[in-house]
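Chains as they are written, first to last, in my numbering: chain L, -3 to 309; chain G, -3 to 309.
Among these hints, one or two may not hold up.
The list treats identical chains as one, so a pair stands whether inside a single copy or across any two.
[Stated by the list, open to error] Here are the simulated SDA-like cross-link-like pairs (lysine to any residue), alpha carbons at most 20 Å apart as the crow flies:
id : residue 1 : residue 2
1  : Lys258    : Pro294
2  : Lys258    : Gly212
3  : Lys56     : Gln135
4  : Lys275    : Pro294
5  : Lys202    : Gln107
6  : Lys258    : His175
7  : Lys202    : Ala111
8  : Lys275    : Gly55
Don't read these hints as lab results, they were simulated from the structure.
A quick note: this is a predicted structure, and the numbers were derived from the prediction, not measured.
Protein chains: 2
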Amino acid sequence: MTRAEFIAGDWGTTHLRLYLCDRDGTPLETASGPGAATAAGQFTAIFASATAAWDAQYGKLPTVLCGMVGSTIGWIQAPYVPCPARLEDIAEGCTPIETPRIRIVPGLSCQNRLAAPDFLRGEETQLLGALNLFERLRQGQQLVCLPGTHTKWVTLNDGRVEDFLTAPTGELFAILRDHSVLARKPPAASAQHTGATDLEAIAFEKALTSVVQQPGTQILHRLFECRSRPLNHEFPAAAAAGYLSGLLIGSDVQGALRVLPKTSTPSPVVLIGDAQLTKLYATACAAFGLDTHQVAGPAASLAGLTEIYRRLS
Amino acid sequence: MTRAEFIAGDWGTTHLRLYLCDRDGTPLETASGPGAATAAGQFTAIFASATAAWDAQYGKLPTVLCGMVGSTIGWIQAPYVPCPARLEDIAEGCTPIETPRIRIVPGLSCQNRLAAPDFLRGEETQLLGALNLFERLRQGQQLVCLPGTHTKWVTLNDGRVEDFLTAPTGELFAILRDHSVLARKPPAASAQHTGATDLEAIAFEKALTSVVQQPGTQILHRLFECRSRPLNHEFPAAAAAGYLSGLLIGSDVQGALRVLPKTSTPSPVVLIGDAQLTKLYATACAAFGLDTHQVAGPAASLAGLTEIYRRLS
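This is chain L alone, in the form it adopts within the complex:
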């Protein structure tokens, strides 16, 4: 029988996800709970409740938690580790609770390539996971992209996190779709909307192609096209969100490639995140001639948490 050895957890803003793992990080069972945003003052109780059955069966297991649980709104503040950061720095930078049973993973800070301060939290664990999943990422200069509400573009150098750059691409998409006149769906369409429609997919490709053809253009001067092109009968208004998505992701990829270093090898860009989203980024990267490799976000998190557990135990 496989023996449960530790608990790995991703405690983000909106959800707590826990995995009961064996020695190799294979998840045996899962548990969940409320996110850090609504957990103030209750972290200890929420965690105890979520793990009560495991405690009864296996005793209190060592635990590694990443995400907003370590932020100013979290259980305890796990300070940011400054870049360049090695794998060991992240594991060693963990902050203990109930010493040393529970460890909270730190975020990373850097001065980004636009000379601005930048921060991430949660993605450091997915990066660690990716370094474990892809041996080649440990050599030379490599590019990893973690698309999401706040997309992170990360430069690795011989396995160290050199620096990173944040683009709130997902957030911008959501608030423009929900609050702007530019890409709002007709009421009928939004009521039926359950995912990307064919029309949206075509509009996405159209936007992407036009971003490739107009290098260096500010996205500010292209957003109105979400409205003007339907008015000009180039695609239906119901597909405007697809066009918006293509403009945003295309501009994100194009702008990031302009700023980030050319990688020293022709290795694919590793994309970590939600499958639907990494697929859109893979399409956009391909439009700029870049190969990609997609990794599911939860798998990368779990691999990273397991690596941290191994290093700390």
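Given chain L's structure and the hints, the job is docking chain G onto it.
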């Protein structure tokens, strides 16, 4: 005694503003009413009610109306005049109601300099007004910027509207300030907020300077600074909206100057709009070495409506 001769009106999405004017376009009295967004089916009644007192005193006067009143949500559709458009094209493109007493001013359409369809409505009248107020705008290639919810950058050539470019800069600012975690004010600050604070003004300048120093950077990759710089103690979180405004307006000016033709003369860029907003754009233009001349939006509208009345009477 000055004699009332015509009625000039700007009937936008949210407001109707009417001016009783003498022969020279000097306003003698004003009236107001609800905007086009809530006037469906009631345009005739709203207009009759707003002008009843003037009708009683002067009879039914000739009237020129611009703005959304001529759009698909308006009183009657006044189709877009394609660019390049002359002054005469706009006056001749008016659509009559109660022939020929009331004239509705058409909008303009163009293929913009990013090869996309573009549209404006209401600004054509302000452009006509500016051409009347500034004789020099009628010669050579000139640049006019009308900042607002949807900022319009207009190229004039010997007094013709050659083309224009839309940037939803004001809309993006408003929805990011109201709905994003990037520039949301602390609750206390937002309750007191009645205008630009000193801290916001300083943050605006800081953002503007950094945009000048980072030419060609996608604004997508700078928006997170509204949050990361306060986290790095570079300015207080309450000033983040000022930094956001500087990033947006700076990127709008920089991106537009990259796309638009260099004007043939060193004439100032004419800025038409709300005084607070044209002042911010003037500051941004100055940072890029451009002189500007600011004109109040209502004054430009009235001058344009008067010019159309003169041409039609």
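How the hints compare with the structure:
1. For the homomeric pair Lys258 and Pro294, neither the shortest alpha-carbon distance inside one copy (28 Å) nor that between copies (51 Å) is at most 20 Å.
2. For the identical chains of this complex, Lys258 and Gly212 are neighbours both inside a copy (17 Å) and across copies (18 Å), given an alpha-carbon limit of 20 Å.
3. Taking the shortest alpha-carbon separations for Lys56 and Gln135, neither the intra-copy value of 38 Å nor the inter-copy value of 82 Å comes in at or below 20 Å.
4. Proximity of Lys275 and Pro294 under a CA criterion of 20 Å is satisfied intra-copy only: 16 Å inside one chain copy versus 49 Å between copies.
5. Taking the shortest Cα distances, Lys202 and Gln107 sit within 20 Å of each other only across copies (17 Å), while inside one copy they are farther apart (35 Å).
6. Taking identical chains as interchangeable, the C-alpha atoms of Lys258 and His175 are never at most 20 Å apart, the minima being 37 Å within one chain and 35 Å between chains.
7. With identical chains, the CA atoms of Lys202 and Ala111 are at most 20 Å apart between copies only, with a shortest distance of 13 Å across copies and 33 Å within one.
8. In this homomeric assembly, Lys275 and Gly55 never come within 20 Å of each other (Cα to Cα): the closest approach is 41 Å inside a single copy and 66 Å across copies.
Hint violations for this structure: numbers 1, 3, 6, 8, all remaining hints satisfied.
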